[in-house]
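Mind docking chains D and P on chain F? Use the hints.
Protein chains in written order, with full-length UniProt numbering: chain F, 1 to 438; chain D, 1 to 754; chain P, 1 to 154.
Since the hints were made in silico from the structure, they are not lab data. Among the clues, some could well be false.
Straight-line distance between alpha carbons at most 20 Å, and here's what the computed EDC-like set of lysine to aspartate or glutamate pairs gives [what the hints assert, rightly or not]:
hint, chain 1, residue 1, chain 2, residue 2
1, F, K332, P, E66
2, D, K589, D, D557
3, F, K44, D, E739
4, D, K150, D, D172
5, F, K49, D, D619
6, P, K142, D, E693
Simulated DEER-style distance windows between Cβ atoms [unchecked claim]:
hint, chain 1, residue 1, chain 2, residue 2, range
7, D, S330, P, I79, 54 to 62 Å
8, P, G67, D, M221, 31 to 39 Å
9, P, A150, D, P591, 31 to 39 Å
Quick caveat: nothing in here was measured; it's all calculated off a predicted structure. By construction, the Cβ of each residue, glycine as well, lies at the ideal position given by its N, Cα and C atoms.
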Amino acid sequence: MARFGRIIVGLVAIVIVVGIGFWAWASEPAIDPVSRPAAGQFSKASIAKGAELAALGNCQACHTRPNGKAYAGGYPVETPFGTIYGSNITPDPDTGIGKWSEAAFRRSMHEGLRRDGGHLYPAFPYTHFTKVSDADIKDIYAFLMTRPAVHNTVPSPDLPFPLDIRMVMAGWNLLFFHEGRYQPDGSQNAAWNHGAYIAEGLGHCAACHVPMNMFGAEKTDKGYAGGNAAGWHAPALDKSSPSPVGWTKDELAGYLRGDMTPHHGVAAGPMADVTKVLAEVPHADVEALSTYILSKGATKPADARKAAIADAGKKSFQVTTAQKANFKGSAKDGEAIFAGACASCHFDGGSQPFYRPVDLSLSSAVNAPNATNLVQIITHGVKPAAGGSGPIMPGFGDVLTDDQTASLVGYVRKHFTGKPAWDHVDKAISTSKETAGQ
Amino acid sequence: MTIRGDRGFSRRSFLKGSGLVVSFALLPGVAFAQDKTDGPKGPPFGDMKSTPYLDSWIGIDESGKVTIFSGKAELGQGIMTALMQCAAEQLAVTPDQVRMEMASTASTPDEGYTAGSNSMAGSGTAILNAAAQMRTILIGWAADDLGVDKTTLHAENGVVKGDGGKSRAYGDIVKGRSLHVEADGTSDLIPPDRYKVMGKNHPRLDIPAKLTGAPIYVQDMRPDGMLHARVVRPPSYTSTLQSVDTAAVSKMPGVVKVVHEGDYLAVVAKGEYQAIVALRALQEAAKWQTPKALPKESTIYDMLKSMKTDDSVIDKRGDGTLPEGRPVVSATYRRPYMMHGAIGPSCAVAEFTNGKLTVWTHSQGVFPLRKTLADMLSMPLDAIDCIQVEGSGCYGHNGADDVAADAAIIARAMPDKPIRVQWMREDEHGWEPYGSPMIAEAKGTLDDDGRISGWNYELWSMTFSTRPGGSANNLMPAWYLPKKFGPPKGGQIPLPGGGGDRNAIPTYDLANTHVLYHYIDGPMPIRISALRSLGGYLNTFAVESFMDEMALAAKTDPVAFRLKHVKDPRARDVIEMAAGKFGWKKAEKLPPYRGRGFAYVRYETVKAYCALAVEIEVDPVSGQIRVRRAVAAIDSGNAVNPNGIQNQIEGCIIQATSWSLHERVAFTETEIMSRDWSSYPILRFDGVPDSVEVHVIDRPGAPFLGTGEAGMGPTPAAIANALYDATGLRMRDLPFHAEAVRTAMLGPDAKTKA
Amino acid sequence: MITLTVNGKTHQAESDPTTPLLYVLRDEMKLNGAKYGCGLGQCGSCTVLLEDKPVFSCQIPISVLEGRKVTTLEGLGTIDEPGRVQKAFIDEQAAQCGYCIAGMIMRSEGLLRRNAFPSDAEIRDWMQPNLCRCGTHSRILKAVRRAANAESGA
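The shape of chain F in the complex, shown without the other chains:
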């Protein structure tokens, strides 16, 4: 026991010594507070550009709580380690960034540090924002500093020891953070480079679409092989894209702007928020983004596209057969459920006049490597942004039992793709039903 005690004391001593050294190394200086700049000091053009850039970064998604004031923070970002609350980035001097100089704001974006020198958690994607140019950061600053100031104190992160010590992030940064502005690739054209600048910088696409390692850092060697976002599967954007037709530039640009695209449908889940803001930015930005993302390989040759579309046509649900669906007298008959619950919209009808849903054979969710997104959509449905137009699908979470949902998922997967059944459908269903809808 005594020996054990000595080891503990020794270890504590080492931790203290190392800790002091680490503290000395990891400490960053505070930047002096300023009084909130007057609105008149920013040009209209700069504010307007900043608005577009803030949209590209989807800032308000994590910096606005549901039904809360814009940019006033409080949105709970669920991470594998705990919950972090988006900060208040309105120009409120006490609870927001009203005392932040442009230099302090720039440092937060480029280095992941608060004005007082404290470390930010990488749930705030400074790992990407470090690539953003000084000029763009200046405009974002102009935009944010001219928003209404909202007094709102955001809860502290809910993280376990030792992650609740912000300074630990200095170590994380050492391992996973590479500071530096975007460097254009001379072998690519201007559109590609602009797209890459957006995607890898403000757009932080990789935060969801790249798999993460056990430390919550992106596995950069895996490319855009697909990841997770708020309980949804973020599909692969590289050649392992689940879409049987692949993407064209126009399709992807339209999809990113929130359009209903014939072979891909409309974005759902957290991506729906992204498309909502991308609808607000110049088309050229979204087209550049599409150019860059498509260079990762989610395209298909024309003949493969044609074949996939033709094949989908054959698998469409024929409404004429709806009433003779092979009902076996079981409430778990997936085809019967489909006929009564889904086929009012998802059926093959040449003259069907309303917003046509995507052919399920072509849907990424149905072709995905796991059941997550299909289950999420069935459970929670799809709805457009408030006041906006776009497809509406009711959620069936309160309609179908878990068994019935599993049968429906099994039927849809089999009938529309012919691919092997998914594993862990039950788990996906119970997880989805526990979470609130989008």
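Chains D and P alone, transformed into the frame defined by chain F:
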């Protein structure tokens, strides 16, 4: 060019002499001089002019039960309850002694359409007077029966009473007597100070049944042997049917018949869902050819200005030109195609038996519908009956008449079976007649006192009436019959009501005005007709936005500026009431992105007075506007059911908020794209104001001015004026989509209020 | 043949098992409460309770309903004895044409069964799936508030 302004009666003299109306309020008990025009025969009591016999309006059976017949339709606006209150009051019976029978060619007077906020003036005035006269007659008969002088008698709760406990119940009085009595020119009205039923918040008669699932709606009808039908609508108006193989569909479960006449295609089945499944299959089987016949959506305003017009100056005061040498304020306001969007798609039941057709319909005009069905089917008028049964709220000419035509066509093809036709959601969205797009251009000048010295207003609009009034061209299903009726014909609606020009004439005391109406008399590439408040929505938006723009130029508070230009005490009362209850003057400064706005209208220039103040907020990120608070004041004349008036104006404010923030019909050159609620979104609960207050100014004994549409026009104007207050942005194109507001907020005109 | 349990009574449905509940309620059981509005799950006119949760009856095949309890507007009360939410709607005169109101009442009932003390924001949020065209929304919100207050004795 013609001058239409002075036809019928002089509007300008009316405006000047608006004290005339108030004088009625000072003379309780005097007959309502609602209509100044010469009636065809009967006394001047609303629709009694054309239906002068009392038994057309009132029946009393030997048990004393009273039936009131109104040719107006209950549309959810509460008219049935208000009419009952008029009848019960003046006939001196209790509400539960009265049964209401509404709009039926088989039993009620022909009162035309239930539209234009006319029902209280038309039917209410008629029933009020008919009931008063009937009471007088009953008292006279009771005097004969009792052998006493009639002046010693009075009526109470359905009994005529006299001195010494003498009494005689109505049921006994009418025994062996005929109520077929022609109405008199005067009525002994119960005066307002003795009202027991009128002027009170009587609960709506229809609500409990609606809220507990009674079979109230035409959708709920299930006569024995009824079959369900669905119609295959073409992809677009001018599509033609190339081919259809109906064999497979005919054999589907439950299918009884496929109706195929010319380009008209429908399916009849035993079960409703069987009909829907068969419809989908039949849609798949039908091959259509569709020409590019619709305009490009982005060019509709150019289209309006390029079409042939019939021009008329509808208002000219002074020399009608803008004074020279003064700064001119000018602005252009526009509205797109918009739809009624009933929550329940249109429905009708029809039965054709022994050469006689009966149609149960939620049409707003059963008599005109009957006439038009007769034309479509080449049937004599007396072989058809149209009986109104409530449907979902319509807000104007929607699919109600068309689906009645569908039911009639299919019933004739399948005699002796009641046929229920229920439109699908996409039928209602895609095929109802929309409200016409419009443009209004306003120019104005101020004098040195900040008073309007010149007012020049021009507007462009297509028709607001293609209702079926006798010609089958105006029933859409008839376009596809072998006889190929169509295209529909529209027309102008005379002022003061007006169509596109409704409320184009400012209801302010202006000395120098010129209002020019360019009525577009050309073809209608997209189907249009009457949509709640017609042109009044755009014109009031334009006039009341422009009043704010002029107030700004005059550096005057918008409410004070309005009061400076209106002398009519009733107008001033609603303006002051709305402003006062809202707290317009003492209102403290609002936080950024919040603003207040005001608007006023006298509906149709001669009807209800309505003023509205709103407070809005704008989401600085998305540009989405939300109305936080709305306070309205309404003077509809003698308020029969104040709660009913409040309900209607609350509805106006919320529905017009939806129109103004969200609504625009989308289309391509071949088809309508707004086919459901996902492609034509309307207001949901997240956009509903935190509070909507409506203050009713009652004018006991004054003529009924109507209510149902008065709040529509002020709403977009009050919102636009509030948006200006919040952001410095002047939105002149409806709707104020979030995207447009957001773009404008980042543009050079916005003032940074942060 | 599917056995349905609606408003506490069982019913042997003759319709095909893929038939959505709405049409069986209206056609076979002659119940008027659930209304056809869109058939697409966009408007809420057809709302009924499945167990205690509001669902769109236009998109529920009866095949999934064996052994589960369905409640329609008729199951909440009658014209003489209206249920708590029906009564609150009548008291507020919360209807114009009334076509959407049956669905509104069912959705409100679902809220109060789950949360007897909803905040105003929770009520508004909960009602979001249901559409009204007459603009009766503010009365509907007041009626739900009134029903909740009556329930809690507030």
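Comparing the hints with the structure gives:
1. F:K332 x P:E66: Holds - the C-alpha atoms of E66 (chain P) and K332 (chain F) are around 11 Å apart, at most 20 Å.
2. D:K589 x D:D557: holds (14 Å)
3. F:K44 x D:E739: Distance ~18 Å between K44 (chain F) and E739 (chain D) Cα, so the pair holds.
4. D:K150 x D:D172: holds (17 Å)
5. F:K49 x D:D619: Answer holds: K49 (chain F) to D619 (chain D) is near 18 Å, not above 20 Å.
6. P:K142 x D:E693: holds (13 Å)
7. D:S330 x P:I79: 54 to 62 Å: holds (58 Å)
8. P:G67 x D:M221: 31 to 39 Å: holds (33 Å)
9. P:A150 x D:P591: 31 to 39 Å: Because 36 Å falls inside the window, the suggested range holds.
Of the hints listed earlier, there is not a single one the structure fails to meet.
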